[in-house]
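Asker: One-letter residues, chain by chain:
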Amino acid sequence: MKLTISLFGIAREIVGQPALELTAPEGQSVQELLTELRQQYPALGQLSSLAVAVNNDYATDATALHERDEIALIPPVSGG
Amino acid sequence: MHIDLTDQPIDITAALQLAEDDGAGAVNSFIGTVRNQSTGRRVVRLDYEAYDSMALHQLRKVAEQAQEKWPMLRKVVVIHRKGTLHIGDVAVIVAVSTPHRAESFAACQYIIDTLKQVVPIWKKEFYEDGTTWVAAHP
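Chains as they are written, first to last, in my numbering: chain A, 353 to 432; chain B, 4 to 141.
Any given hint might turn out to be false.
Computed list of lysine to aspartate or glutamate pairs in DMTMM-like fashion (alpha-carbon distance at most 25 Å, straight line) [said to hold, decoys possible]: (1) K72(B) with D409(A); (2) K64(B) with D10(B); (3) K127(B) with E365(A); (4) K64(B) with D409(A); (5) K85(B) with D409(A); (6) K64(B) with E23(B); (7) K354(A) with D55(B); (8) K64(B) with D421(A); (9) K64(B) with E422(A).
Worth flagging that the hints you see were computed from the coordinates, not collected in a lab.
Turn these sequences into a full structure, and let the hints guide you.
Answerer: Have a look at this one:
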């Protein structure tokens, strides 16, 4: 399946673009996605935290991803 | 409930009016503004970036949670800025109304504290000699 991952803040700067297109096995977990991204972009592993959002809510490590999901990397938030 | 994310200056008076309610004896607000220094460095400006759709969704959830915790809440107003802000600019306003004051303080604090933990908005500080994404690194 093809996944599009939106990137914000420091994650966008680390990757160098506002979104990533990846091909992954159907049902890949959030944890597997994060492991892959941290290998490809080691600076992501240096962040205080890195969450994944699926369809506008925080996902858990076990959440399975699907092709039409809206996926985003969420580096440490600092609003307010 | 009035939730907004805007690249325009926040009108504090208008926001407070949105929180007014005939059944409320208290309107309580928190206004977050841009400070001129951070960890000892002089701040020149800030850039706020938001994941708009998720930020709005999470702000609504935070307001709904407050409504569940304090069922007497009348109005909840949360407006957050995005884009470039300068010293003294208003970055966020939270305003709530309740029949009595105690719950208004508690609900207002709950909303701003939870917003800071969960809402996908990122602040980049610009100093005279560099930049930092706030809280990004341990």
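Asker: Compare the structure with each hint and give your call.
Answerer: Verification of the supplied hints:
1. K72(B) with D409(A): Holds: K72(B) and D409(A) sit about 21 Å apart, inside 25 Å.
2. K64(B) with D10(B): holds, 22 Å
3. K127(B) with E365(A): With Cα atoms ~12 Å apart, K127(B) and E365(A) stay inside 25 Å; holds.
4. K64(B) with D409(A): OK: K64(B) and D409(A) at ~10 Å, within 25 Å.
5. K85(B) with D409(A): With Cα atoms ~20 Å apart, K85(B) and D409(A) stay inside 25 Å; holds.
6. K64(B) with E23(B): holds, 21 Å
7. K354(A) with D55(B): Given that 25 Å is the threshold and the Cα spacing comes to 23 Å, the pair holds.
8. K64(B) with D421(A): holds, 20 Å
9. K64(B) with E422(A): With a Cα-Cα distance of about 18 Å, the restraint between K64(B) and E422(A) holds, given a limit of 25 Å.
Hint violations for this structure: none, all hints satisfied.
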